[in-house]
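S.K.: According to our numbering, the residues represented by the sequence shown are 246 to 639, in order.
No wet-lab data here; the hints were simulated from the structure. Please read these numbers as outputs of a predicted model, since none were measured by experiment. It is possible that some hints are incorrect.
[To be verified] Pairs of lysine-lysine, BS3-like flavour, derived with a Cα cap of 27 Å:
| no. | residue 1 | residue 2 |
| --- | --- | --- |
| 1 | 453 | 471 |
| 2 | 620 | 453 |
| 3 | 471 | 449 |
| 4 | 471 | 456 |
| 5 | 453 | 550 |
| 6 | 550 | 456 |
[To be verified] Here are the simulated distance ranges between beta carbons:
| no. | residue 1 | residue 2 | range |
| --- | --- | --- | --- |
| 7 | 568 | 441 | 44 to 50 Å |
| 8 | 338 | 612 | 38 to 44 Å |
| 9 | 479 | 350 | 51 to 57 Å |
| 10 | 277 | 353 | 52 to 58 Å |
| 11 | 587 | 375 | 21 to 27 Å |
| 12 | 545 | 501 | 31 to 37 Å |
| 13 | 326 | 439 | 29 to 35 Å |
| 14 | 579 | 280 | 50 to 56 Å |
| 15 | 568 | 469 | 29 to 35 Å |
| 16 | 353 | 441 | 23 to 29 Å |
| 17 | 280 | 505 | 55 to 61 Å |
| 18 | 439 | 596 | 16 to 22 Å |
| 19 | 318 | 472 | 54 to 60 Å |
| 20 | 569 | 505 | 51 to 57 Å |
Where is the CB? At the ideal position from N, CA and C, for every residue including glycine.
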Amino acid sequence: MKQDRPSFFGTKIIAFLGGRDTLFMLTALVLTGLVILVFTEVSFIFGPLIIFFETVVLPVVVSLILYYLLRPLVHLLERGGLSRGWGILLLFLGGTGLITLLIILVFPFLQEQLLNFVAEFPLLFEELLTGADAFLGGSIIGGFYTDSGFDIDRLMETLPENVGDTLQNMVSGVVSGLTGFITTVTAFVVSIVIVPFVLFYLLKDGEKLPKHLIHLLPPRFREDFKEVLHEADHQLSGYIQGQIIVAFFIGVMVTIGFLIIGLDYAFLLGALAMVTSVIPYIGPAIAFTPAVILALVVSPFMLLKVIIVWTIVQLAEGNLISPQVMGKRLEIHPVTVIFVLLTAGALFGFVGIVLGVPIYALIRVVVTHLFKLFKRRYNKYEPVPENQYEKGEA
246 MKQDRPSFFG TKIIAFLGGR DTLFMLTALV LTGLVILVFT EVSFIFGPLI
296 IFFETVVLPV VVSLILYYLL RPLVHLLERG GLSRGWGILL LFLGGTGLIT
346 LLIILVFPFL QEQLLNFVAE FPLLFEELLT GADAFLGGSI IGGFYTDSGF
396 DIDRLMETLP ENVGDTLQNM VSGVVSGLTG FITTVTAFVV SIVIVPFVLF
446 YLLKDGEKLP KHLIHLLPPR FREDFKEVLH EADHQLSGYI QGQIIVAFFI
496 GVMVTIGFLI IGLDYAFLLG ALAMVTSVIP YIGPAIAFTP AVILALVVSP
546 FMLLKVIIVW TIVQLAEGNL ISPQVMGKRL EIHPVTVIFV LLTAGALFGF
596 VGIVLGVPIY ALIRVVVTHL FKLFKRRYNK YEPVPENQYE KGEA
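The task is simple: from the sequences and hints, build the whole structure.
M.R.: What follows is the structure in structure tokens.
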């Protein structure tokens with residue numbers, strides 16, 4: 246009888262393919278792939294949208310970073326009895342004064358150290374090669390090294406007239422690149438100028454924005470969306486505030502440590518450590534490399550002192566500063582972080598390296614919550630106590 250005939254989704258073929266749910270998921274994936282393929286083939290249509298997106302993203306990202314850095318200070322001023330508007334204005338004035346002091350006092354000093362380092366680099370490089378030649382010639386492999394016919398003088402002759410020429414070419418290339426970069430930045434001046442305005446309204450009304458967004462959704466999705474927004478805000482604020490504070494302490498400790506052991510360019514190396522420390526795991530290695538080169542030129546004992554300073558800094562950061570400042574907010578495995586940094590760096594360059602981890606954390610929040618909703622909908626992958634969801638909604 247027709248009434249007893251199973252529906253299409255109840256046939257043995259569908260059961261063999263994994264059931265209705267699996268078929269729906271595969272269909273969704275295929276349709277998603279087709280949409281991506283179509284967008285790829287007609288990507289030229291979206292050129293104006295891409296330009297608009299690139300123009301808007303930069304000020305929004307900068308404003309969000311500053312928002313999460315300044316929001317705790319706004320709350321602190323409010324608890325002190327100052328209205329939110331006046332507190333924001335006070336922070337803006339203080340930030341402007343701080344930036345002015347940095348430009349007048351700190352940046353010229355760091356610039357002088359950088360120029361001195363560039364000027365001395367050829368001599369440092371030559372001393373490093375000479376020291377390596379003497380060390381290898383007097384080591385247990387000295388005979389093999391001598392028989393190899395390696396001649397440091399011949400190497401220096403085969404190099405350009407001096408390493409300074411090569412370094413000068415590198416600097417010229419960097420300057421040329423910076424010129425192009427400045428030209429590009431000029432195109433975004435209009436959007437950059439709006440950062441203070443966006444930041445002001447984020448600090449003033451940013452905490453009201455989630456409520457307005459939630460009310461745009463159907464009632465059945467509001468609680469889930471509210472939970473996702475809360476977790477995303479928690480992840481972003483914890484990461485941005487934590488990374489900046491940790492980077493500041495690392496820069497200060499590295500500078501003090503290198504000053505104590507008498508290493509040249511301590512302030513420049515400390516500033517480099519502070520800037521690169523915003524990149525998890527990879528940043529410290531970048532900052533450690535020039536310090537090692539400078540120490541090798543001086544003496545093996547200086548290298549030992551640099552290693553001791555860096556070890557103390559890393560132990561203090563890993564066991565005292567980061568646990569207190571950041572805690573376990575992200576809970577991302579180090580291997581995952583490295584893969585995220587490599588992938589984001591290959592796709593988006595330096596911006597990807599800096600923003601890759603927080604963006605991954607946000608994506609993980611959304612995907613994790615969607616998977617929870619999927620389990621709640623189908624309730625197949627783990628046992629659920631009776632009336633659990635009803636209790637959670639109460």
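S.K.: Each hint needs a verdict: does it hold in this structure or not?
M.R.: Status of each hint after checking the structure:
no., hint, result
1, 453 / 471, "12 Å, holds"
2, 620 / 453, "31 Å, violated"
3, 471 / 449, "20 Å, holds"
4, 471 / 456, "8 Å, holds"
5, 453 / 550, "52 Å, violated"
6, 550 / 456, "55 Å, violated"
7, 568 / 441: 44 to 50 Å, "35 Å, violated"
8, 338 / 612: 38 to 44 Å, "42 Å, holds"
9, 479 / 350: 51 to 57 Å, "37 Å, violated"
10, 277 / 353: 52 to 58 Å, "54 Å, holds"
11, 587 / 375: 21 to 27 Å, "36 Å, violated"
12, 545 / 501: 31 to 37 Å, "23 Å, violated"
13, 326 / 439: 29 to 35 Å, "31 Å, holds"
14, 579 / 280: 50 to 56 Å, "35 Å, violated"
15, 568 / 469: 29 to 35 Å, "31 Å, holds"
16, 353 / 441: 23 to 29 Å, "25 Å, holds"
17, 280 / 505: 55 to 61 Å, "60 Å, holds"
18, 439 / 596: 16 to 22 Å, "19 Å, holds"
19, 318 / 472: 54 to 60 Å, "27 Å, violated"
20, 569 / 505: 51 to 57 Å, "24 Å, violated"
The earlier numbered hints that this structure contradicts are 2, 5, 6, 7, 9, 11, 12, 14, 19 and 20.
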